[in-house]
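Participant: Sequences are here, hints too, so could you generate the full structure?
Taken in order, these protein sequences are the chains called Z and G. Quick note on this note's numbering: the first sequence kicks off at 907 and runs consecutively. Quick note on this note's numbering: the second sequence kicks off at 6 and runs consecutively.
Wrong hints could be hidden among the right ones.
[Said to hold, decoys possible] Simulated restraints on C-beta separations: (1) G:221 to Z:949: 38 to 44 Å; (2) G:427 to Z:949: 31 to 37 Å; (3) G:451 to Z:928: 48 to 54 Å.
It is worth saying that the hints were derived from the structure and are not from the lab. A quick note: this is a predicted structure, and the numbers were derived from the prediction, not measured. By construction, the Cβ of each residue, glycine as well, lies at the ideal position given by its N, Cα and C atoms.
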Amino acid sequence: MRVLTVDDSRTILAMLRHTLVNAGFEVLQAEDGKQGLDVLKTEDVDVVITDINMPVMDGIEFIKHVRASGQHQSLPILILTTETSQEKRDQGKQAGGTGWIVKPFDPDKLISVIQKVVH
Amino acid sequence: MSDLDDFKATYFDECSELLNDLEEQFSAIEDGERGADRLNAVFRAIHSIKGGAGAFGFSGLVGFAHAFETLLDYVRDGRVDLTDEVVALCIRANDIVADFVAAAREGTPLDPDHGAEEKARFDALCRGEDDDMSGEPMEEFDIEFVPVMVNLGQDEPEPELATDTFDAIPFEPADGHWEIHFAPHSALYARANDPLLLFRELAVLGEISVKAVPGFVPPLADFEPFGVYCTWEITLNAKGINEGMIREVFEFVEGDCDITIAQCGPTAVLDEAGAPVVASHITDLDENDFDADMVAEAAKPAEPEAEVLSFSELAETIKPTAAARAAVAAQPEKVIQPLAESGGGEEGGHRPAGVQSIRVDLDKVDRVVNMVGELVITQSMLTQQLDDNLRARYQELVRGLEVLAQTTRGLQDAVMAIRAQPVKSVFSRMPRLVRELAGKTNKKIRLEMIGENTEIDKTIIEQLSDPLTHMIRNSADHGVETPEKRAAAGKSEHGTITLSAEQAGGNILIIVEDDGAGINRERVLDVARERGVVAPEQQLTEEQIDQLIFAPGFSTASAVSDISGRGVGMDVVLSNIKKIGGSVHVRSRTGLGTRMTLRLPLTLAVLDVMLVKVANNPYVIPLSSIVETMQCSRADFGRVPSGARVLQVRGEYVQVVDLAARFEMQSEADEKNRFVVLCEAEGSVKVALIVDEIIGQQQVVIKSLEENFERIEGIAGGTILGDGNVALIVDVQGLKTAAIHKNAA
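Facilitator: Written as structure tokens, this is what we have:
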């Protein structure tokens, strides 16, 4: 199973990679939404995990573009967010996000959330 | 190093970058650039710092960053005006974030009230209160923060954490039978959620049976990809669950479906509704070992009574929908092309992910640098082996060696370029320092920075932070005057410290200049004499007096201030800078200011030198410090009254150092056959070195003497020559300083 992780924080990317690789996933990384779109152009992935606050292209825009691209309407996209408020989460969902993961994430929870949205 | 330490190291690296960036952003904001881009960048940086801090459980940092971020969010939305006061508050808050990061890195606790005042002000601002007299902080800032550490596999299991609101619903877990009515909206499909997956989740809780209740199903051609053509009735038999746990399964689709959940008494039988039931007992989802004996005609629209589908059959009914979605997706007119209008604002093509740069462990680069160093030595050794005889006989070999020399040089440059970094990373720490110093000394000081993009070897940059800090402190503490004194002297109340970097030939010059009062030479000389740094009768030029501030144990501040310290500052500057092959020079103009210049090599590893012999031992002298060479027989020596030998060059008397005598060796060479190497130390102070023989110029790779042996006065390091011999590198600056001290003693 391949996961694309999109986050501008190297720390978060590193922790995601560690957790996901330990769980047997293959991990692709991008540092902002635009890079994420570029990855999706050439790579097949099973699920995307994306941050919201990022430079160049934020997570909301990224999700909108992914959904609008016509190729990835059934691709599960999980929003990674520290927001305790419902607001960002709703924006992400509105844009086409499948679900969310609250940072800081518990590794088991992360894996179980992914399994929840992937066939 | 454990994985967690690795993550922390990554995190703190990232924090340093973010904090440096924040410094820049806030400087620009302070200068009036208050565009949305800047505010967004600042918000993101604080947000990132908070995110990582959460992962490691740095709760103080999380709490403060959260409050700061909230204020920034308000400012971004225009709910709080970005007044000068708010800008000043943000800049202070940024420093506090840096304190929290530093405390987390060092593991040292901070004052529990650290930043409390600023935090309270954030609250007040966000609540729209103008006055500073806020009482209770806003509730949302008092978030209970529960750190969730990364489980690295070897640790004890993590405690259960209430991460979901549903867990808070006080439903008693019970054994029972649940009826769930689930009617997805089209939006549920549009967000890549899938009823099948939800059922799979539900099946984790207990035994389920799922009944599709078809609605109106159009002909295939009219199928909409995200159309809703059926609802679902689910029965769940489970032990020890509550409604909250069921709702959690539907967490992501809340709002995208209609759902009702009803508990229908303890462990009901599945077929109590009287429907033709074939229950599928799902225990292990990964092995699709479902009972194959299912109702075959699933989801017949016309049937008055719905059929119960097996789990695998559910998958079948859903697949056509997915296929239809794909079919529509493939239609060109439905494909929206939003990339051109993407928010990035970057023109041209999209750069492919991750090919622009790679992160390489510095150790790996250092290995390459070292090997290239050895290659340089080997190459020069090979070249030295060529005598005229060989040259005549093996012309091809000679040509090959020439190419090798060129390639080696190119390789060396290329490797050094990898290590080069802009000095910005050090410079950007200075604005904060200056702000703090100005605050402590009640002075008004502006810092100007020039040439931040000048690149130097990374190792040098790392060594630069301490000396630069000391120099800036010195300028702020001793250089720039109080506003009153400045006004009295007819200057602007604001003092200016200029920090600049430039490349000059094979060197980088870093200059710290202030427009203060200049060095009080009388006082410097008094103190120097008092402390025996300078002999009582010794006459020094103004320039020489200025350099005394770098002498060990020297301090001119009449009262020891808590800023520049007890004079341990400036001699540390000198020794640190010497360690990296640089030199320091200070030039002061009374009433106008002081200028301190650091001259640094572009790279640490390779040095152009002149190879000489002293008492049959090879020594090398850095080419950059040599002014000229001459034969002793043609030199004009003399003696000063103290008995010291001097050389007269174009009307200037230059101190003479006989290297053989200095290094306690016997030279067998005849005096008139020896050579003078006239060197210029920092600040155009010259010193004449006497050597036995001059052999030639070459490049050498510097090896540290301190690391391999110990520090020796007058020696800057060692190197291995082409023939395998070790030669010591003469420290011209060190010899000169030592000579002054010796004279004084």
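Participant: Give a verdict on every hint.
Facilitator: Hint check results:
1. At about 39 Å, the beta-carbon gap between residue 221 of chain G and residue 949 of chain Z stays in the expected band of 38 to 44 Å.
2. Separated by about 33 Å at the C-beta atoms, residue 427 of chain G and residue 949 of chain Z satisfy the suggested range of 31 to 37 Å.
3. Taking the beta carbon of each, residue 451 of chain G and residue 928 of chain Z are about 52 Å apart, inside 48 to 54 Å as hinted.
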